[in-house]
Every structure is written in C-alpha cells, then in structure tokens.
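K.L.:
The primary structure of each chain is shown beneath.
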Amino acid sequence: MMARGVTMEADAARAMIERAATGDEVAFALIVAAHHEDMARVAYLVSGSLDLADDAVQAAWAIAWRSLDTLRDPARLRPWLMSVAANEARQMARGDRRRTVRELQVAGPGDPASTPERAALIDLANALRRLDPQDRALIALRYVAELDSATIGREMGLTASGARVRLHRVLARLREELGDD
Amino acid sequence: MTERTPMDPFEQRLARLARTYTQPAARPIDSLATARAAMSAPAARSALLERAWLPTLDRRLVLLLVVAGLVIALAALALAAGSALQPRDPGPGRIVFVRDGDLFVSEIDGTGVTRIRDGHANGTELGYLAALWSPDMRHIAAIHDLGGPILTPAVEILAADGTGERSIEPGPGGTPSMSWSPDSKRLAIAAYPGEVSRDATEPILGELRLSIVELDGGSQEIALPPGATWFASALPETWTIPDLGVRWSPDGKWIAVGAWNVAVGRWYLAAADGSTVQPLSELVEGQCHVPADWIDWFPDGWRLATVGDLAGNNELCVEALGTGGGDAAATPEPGIVAAIPDDPSSNLHGKLNLPNVAPDGDRIAISTFMDDFDLGRHVTTLRVYDLASGRATDVASGVETLVLTGSGAAQVTGTLEGNPVWMGGIAWSPDGRQLLYLSPEPGAGPKRFTIRAVDAVGGSPSSVVLEGVRSFDLGYLH
Chain A
1 MMARGVTMEA DAARAMIERA ATGDEVAFAL IVAAHHEDMA RVAYLVSGSL DLADDAVQAA
61 WAIAWRSLDT LRDPARLRPW LMSVAANEAR QMARGDRRRT VRELQVAGPG DPASTPERAA
121 LIDLANALRR LDPQDRALIA LRYVAELDSA TIGREMGLTA SGARVRLHRV LARLREELGD
181 D
Chain Y
1 MTERTPMDPF EQRLARLART YTQPAARPID SLATARAAMS APAARSALLE RAWLPTLDRR
61 LVLLLVVAGL VIALAALALA AGSALQPRDP GPGRIVFVRD GDLFVSEIDG TGVTRIRDGH
121 ANGTELGYLA ALWSPDMRHI AAIHDLGGPI LTPAVEILAA DGTGERSIEP GPGGTPSMSW
181 SPDSKRLAIA AYPGEVSRDA TEPILGELRL SIVELDGGSQ EIALPPGATW FASALPETWT
241 IPDLGVRWSP DGKWIAVGAW NVAVGRWYLA AADGSTVQPL SELVEGQCHV PADWIDWFPD
301 GWRLATVGDL AGNNELCVEA LGTGGGDAAA TPEPGIVAAI PDDPSSNLHG KLNLPNVAPD
361 GDRIAISTFM DDFDLGRHVT TLRVYDLASG RATDVASGVE TLVLTGSGAA QVTGTLEGNP
421 VWMGGIAWSP DGRQLLYLSP EPGAGPKRFT IRAVDAVGGS PSSVVLEGVR SFDLGYLH
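Chains as they are written, first to last, in our numbering: chain A, 1 to 181; chain Y, 1 to 478.
It should be emphasised that the hints constitute simulated quantities derived from the structure, not laboratory data. All C-beta atoms, glycine included, are put in the ideal place defined by N, C-alpha and C. Errors might be hidden in some of the hints.
Derived list of chain A stretches under chain Y, where covered just means 3 residues or more per stretch with a C-beta under 8 Å from a C-beta of chain Y [unchecked claim]: (1) 22-34; (2) 46-52; (3) 165-172.
Between beta-carbon pairs, the in silico distance windows are [said to hold, decoys possible]: (4) A/ALA12 x Y/PRO9: 35 to 41 Å; (5) A/ARG169 x Y/ALA37: 36 to 42 Å; (6) A/ASN126 x Y/PRO9: 18 to 24 Å; (7) Y/GLY164 x A/GLU18: 21 to 27 Å; (8) A/ARG169 x Y/PRO24: 25 to 31 Å; (9) A/ALA34 x Y/ARG166: 15 to 21 Å; (10) Y/LEU404 x A/ALA12: 51 to 57 Å; (11) A/VAL165 x Y/ALA37: 37 to 43 Å; (12) A/GLU176 x Y/ASP183: 48 to 54 Å.
Could you put the whole structure together from the sequences, leaning on the hints where they help?
P.N.:
Below, the structure written as structure tokens:
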C-alpha cells in the first residue's frame, strides 16, 4: 500500500510539474504555494535583506519555470528550488556589497521571543553577516531547508564529502561565534 | 531528504534560531500572481545564467551555451511556428465535471482526466452534483449530496487540485446555486431550505436565502424580499445546472438572484455589500416586453442578456442598468434581440432558455426548443446570435421523440437524430471560437450527459469531449 501511495504521489507531482512546464498557470501557482515560503526563508538568510530575498525568490521562480521541463525526478523539485533561491540570493548579495547596514527585524512589543532569544538572533545575524554568501547558502540549505549534505552537494555542484567538509568548517566557525552551550 | 546524521544540540539550536530569524520572510503571497510574474519575466534575464545545476561551470562557457541555444531556438521557431515554442498564454481553460458522483478535472478537449474528489455516491446518495471554478482558477466550489431521505446539500470550497475543504451546510433543501465574485474572494450561495424528498417528482418552492461566504472565513446573509422563493425539485436534472439562479456581475458590484415570486419568475439585484436589494425590472431601462426568466451579464457589468416567456411569447433582450456607470455608446445597444411570438393556431410550442454571453460580449449563445405535437418531435438547438449583424446561427441541434402522457404532459423520450442540446451547461471557450454544451445520453437512472464541442460559427459537426457527465463548468483565467 505504501509503495503504491508513494508511486501515486510521485505520479501526481510529475503530472503537476509537466502541466506547469507547458504553461498551466494554476499548476505552477500550486507549486509556488507549496515552496515559496521556504525559498523566501532561504533567500533571506543568504541575503540578509527582505527586499533582496523577495527579488531573489521572484527571479528563482522565473528560472524554475523556464527549466521545469528539464526536471526528470519530481523528488528533486524541492531541493532544486531551494538551491535556485539560495543561488539567486547569493548573487544578489554579492552585487549588493555597497550595503553596510543589514536589516535585522527588531521585535515588537507583542513578540513572543524572549530577551535571551532576541540576543541570540542578533548574534546569529552578525555571525551570518561575516560569512561568505556561499557559506550562508550552505547554512540555509542545511538548517532552513533541511537538506542533507549529499543533496546540498549535488545541487551546489560539490561532491557529498566536499559539501560535508565545507559545512563542518562553517559550523565550527558559528560554534565559536555563537557559543556552543 | 533530511540528514541521516542526527543534529547535535548546537545544530538543533542553530536550526531553531534560523527558523525564527527567517520568520519575517515567511509572508503570505498571492501564489498565482507570483506564478504569472515568473512566467512573464523577460526571457533574456541574466539570471538564466545562474542556474543552480551549473554553478561550477565557467560563465563564459555558460554564456556561449546560452547564445547557441538562442540561435537554435530561433531556427526552431522559424521551422515550427505554432509549436510549443509559441508564447505561453493562460491556456484554453479547464473543465471541472461530475461523473458518477465524483469530481474530476480535465483539459478543455477532454484529455488529462483526473479524479480529484470521491463523492462517495451509492444507490441513493448522489455524491457531487455540480462544481464551479473560481475566476482565478485557484478554487472549486462544489455541491455535495450529504445523503439521507431528505435532500441535504452542502457547498464545499476546495483547492483547484481537490485538496482542502471548507463545507458550508445550508441544511435540507434544494440544490444551491453558486457564483464567485470576480476577485475570487467571495462566493455567493443562493439556497432554499425545505424538505425535498428524494422520490419527489413535483417542484417544491423554498424560501430563498442569499449568503456571501468569504474565502478566508466569515459569511454574510443578504435579506431578500418576502416571498422570494426558488424552484426545488428532486428530479436530478434540475439539480445539476451550476450557477443557475445567482450570478455575480463582472464588475463585482451586483449579485443577480433569480426567484419565483407568486409563481412568476423574477430577478433581483443585490448590491454586493448587501446595502440594497431591488427588482431587476426597476433598475433596467425596460426594453423588453416580458419579465426576465434567465439572465447573463455582459463583461462590462452594466448590460445583461435576458430571456423571458410570457404566455408563450419569448424574447431575448439586451438590457442596461439605468444606474449609470456604463458606456452609453457601447454596443449592442439595449433592445430586443429576438422574439418568438406565440402562434395559437399552430400546434408548435417553442422556448428560449438560458442565455450565455460570449467572452467579448459580441454574441449570445442560447439553447432553444420547439415542440411539434402533431409530429411528436422535440427539437433542441444551440443558437448563436451575433449582436452586430443580428444574424442567428444554429450551431448544433437534435431531435427527440415527444409523447403526451395520460395526464396530458409532454414527455421527451429517445433521440431520433442529431445531438440534442440540454437547456443548461453551455460554455464559451475563452477565445470565443467554440461552445461546449451538454447533450443528454439515453438510458434510465440519473441523468447523464455528453459534453460536446462545436464551432461557434456553425457549419461543422460537434465532437465528443467527455461522456457520462452529470454537470460541468469550464473555467479560465479572467
């Protein structure tokens, strides 16, 4: 039963992708609805700017739509979309180096986040700002999109071990800056 | 897709912080608008060079490949114009339909049939009865028979793929009519509570109730004049005509509601904000001689096509709201489009049924019938009136046998020739070139139809789109 269910789900996803690729707006809108939030989160972590993240995700959707017909494996859709968003955000962040002030959403009076957590968020924002955009993309894909190292490597043009080593190195740096407690 | 190696406490904390940190980016969006923007973005965007699966290739190589690809694409365009390389548009529309009580979608030509909801129909419960696309094609409103000896329908609001469900249950009564607001954010539901037995064969009048349901929650009831009732019957064929008694104007300002008041058909216009409800006859300039039985809006939201029947005299009219807001020079001007006067000396009886205005507002499609009691023939026709030329073209027709029962009632039986045209369920294709219509299928039991397609200019035979259908709606992006 499970295998059949999985197959049907994959078939449905494949059909949706095919419909979207041939210009079906509704099918593509359904894909957008399913993945946009995580793509926006990834792009925001990489770029550090809501405006850049919005631009990056919109650009990512334009790329995604034009390339959907090349996607053979529906299971690859989510990691692929996440990596496109990360890549777009990375490019835009690099092109925006003039900016020296990054946006950090300041909690309002009704924000449930506690003061220590707010402090940790500020620390995280500062630590991320000091990372290379490529490293921020690794962090976003691993800890926001929750992709595994092998998938991250495949989507970013790295070997699985190469991605793991690089992730380990970035993580060590963040441990140092944020405190491993 | 998650990492097999469990995260250590620091990684767990980092993941939690990252989710909180990125929360401001998780803002609600209009998925369809985002999709449309992506699909219409300039093809030559430099971002195309940044494809995620090519990050390690040299940019110059990528640029070279893209240029080469463009050259090949241009050559292919020259050789195969009209192929898939043409600019992508919103498409020709999609069908949502009911078959055997389940809900299906398909392409406009009947291909790609996909069942999206199981209606759990059985011998007595009919499952889904009708469905209606929202104008943005993101939702489907569907009428579902909840079962029981008394007809109890519910209106379900589903996502376009059939997932999700918000059920609105007006209680026992006749099948509700539905109409979406042009912005797809609200659904007007006209229901008529009453005890309609499943084996009833006579019409039952119920007090009409008009509700506006907000897509994101909440609802509002608009009070209708006392005595506004609607025609409820247990006959399945009268359950299955979507959007029959309520129609939202294309400009979003009005909701037209059909009612039977003291046994006379009457339409009311309710302001979409519920502030006023007035008889249609008091709001139009009054070009017709007979009150409207059926209406359809022109795209401008100012004019209406109306059909009325008074003592056998049928009229198809264009009426305009006298409340202003319209273009006085717009064509067609208000007036009578066609009249079929009653001829008491003959044994013929004809009727014009539901009008359906073309997407451009230049034509009206209508189903008609003519009964010849001498020859025992019931002739149904799908007719298109060209409003500029005044010419009428019959684009499809069929002849069925007409018999008089012992009680003197006319009863239509088997098909003699052609493909009969059912009174409801006519739809224009988005480009106005084709019409889809329902043609009754022979056989006992719940009414089943074939959806047929025919050129709107006539002169060509119709083709089968889908068989075994109870009702359908053709949706396309407005």
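K.L.:
Range hint 21 to 27 Å: satisfied by the CB atoms of Y/GLY164 and A/GLU18?
P.N.:
Hint holds: Cβ distance 23 Å, inside 21 to 27 Å.
K.L.:
Would you say the stretch 165-172 of chain A counts as covered by chain Y, given the rule of at least 3 residues with C-beta under 8 Å?
P.N.:
violated (count 1)
K.L.:
Okay, A/ARG169 versus Y/ALA37 on CB: inside 36 to 42 Å?
P.N.:
holds, 38 Å
K.L.:
If I claimed the Cβ atoms of Y/LEU404 and A/ALA12 lie 51 to 57 Å apart, would that claim hold in this structure?
P.N.:
holds, 52 Å
K.L.:
Between A/ALA12 and Y/PRO9, does the C-beta distance stay in 35 to 41 Å?
P.N.:
Since the Cβ atoms of A/ALA12 and Y/PRO9 sit about 38 Å apart, the hinted range of 35 to 41 Å holds.
K.L.:
Given as covered by chain Y, does the stretch 46-52 of chain A meet the bar of three residues or more with CB within less than 8 Å?
P.N.:
Check failed, 1 qualifying residues.
K.L.:
Evaluate the given range 15 to 21 Å for the C-beta pair formed by A/ALA34 and Y/ARG166.
P.N.:
holds, 19 Å
K.L.:
Assuming the hint says 25 to 31 Å, is it satisfied by the Cβ distance from A/ARG169 to Y/PRO24 or not?
P.N.:
Distance hint for A/ARG169, Y/PRO24 holds at roughly 28 Å.
K.L.:
How does the Cβ-Cβ distance of A/VAL165 and Y/ALA37 compare with 37 to 43 Å: does it lie in that range?
P.N.:
holds, 38 Å
K.L.:
Is it true that A/ASN126 and Y/PRO9 lie within 18 to 24 Å of each other by Cβ?
P.N.:
holds, 21 Å
K.L.:
Within the stretch 22-34 of chain A, is the number of residues with a Cβ closer than 8 Å to a Cβ of chain Y three or more?
P.N.:
Answer holds; 11 residues pass the 8 Å Cβ test.
K.L.:
Return holds or violated for the Cβ distance of A/GLU176 and Y/ASP183 against the range 48 to 54 Å.
P.N.:
holds, 53 Å
When held up to the earlier numbered hints, the structure conflicts with 2 and 3 and fits the remainder.
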